[in-house]
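> Could you build all of it, start to finish, from the sequences and the hints given here?
If you count by my numbering, then the sequence shown holds residues 1 to 62, one letter each, in order.
These aren't lab readings, by the way, just hints derived from the structure by calculation. Because the structure is a prediction, the values reported are computed rather than measured. Here a beta-carbon is modelled for each residue, glycine too, at the ideal position from N, C-alpha and C. Don't take every hint at face value.
[Stated by the list, open to error] Ranges of calculated distance between the beta carbons of each label pair, as one might list FRET restraints:
| no. | residue 1 | residue 2 | range |
| --- | --- | --- | --- |
| 1 | P11 | V31 | 30 to 36 Å |
| 2 | E44 | E4 | 52 to 58 Å |
| 3 | T18 | L41 | 33 to 39 Å |
| 4 | D21 | I43 | 44 to 50 Å |
| 5 | C17 | D50 | 43 to 49 Å |
| 6 | R48 | T8 | 29 to 35 Å |
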Amino acid sequence: VDIEGEVTLTPSPIESCTQKDVELQVKKVFVVSSAEPRLPLLIEDAMRPDDPVIDGIQAPHA
1 VDIEGEVTLT PSPIESCTQK DVELQVKKVF VVSSAEPRLP LLIEDAMRPD
51 DPVIDGIQAP HA
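What follows is the structure, given as structure tokens:
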């Protein structure tokens, strides 16, 4: 992500940041590299038992 903006002085110190006396006034935001829109595995895959034969569940064949 690229951000274009203006750094301005703050009227009072910002305690929750490392730069306490300045803030960024964001003008534009650019997504340079978007994330993969899907997970590398499905939630259903994560919920399957470790040994499907013991639990009586048919495992899918790839």
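> If a hint holds in the structure, say so; if it does not, say that too.
Here is what the structure says about each hint:
{"no.": "1", "hint": "P11 - V31: 30 to 36 Å", "result": "holds, 32 Å"}
{"no.": "2", "hint": "E44 - E4: 52 to 58 Å", "result": "violated, 41 Å"}
{"no.": "3", "hint": "T18 - L41: 33 to 39 Å", "result": "holds, 36 Å"}
{"no.": "4", "hint": "D21 - I43: 44 to 50 Å", "result": "holds, 45 Å"}
{"no.": "5", "hint": "C17 - D50: 43 to 49 Å", "result": "holds, 45 Å"}
{"no.": "6", "hint": "R48 - T8: 29 to 35 Å", "result": "violated, 53 Å"}
Hint violations for this structure: numbers 2 and 6, all remaining hints satisfied.
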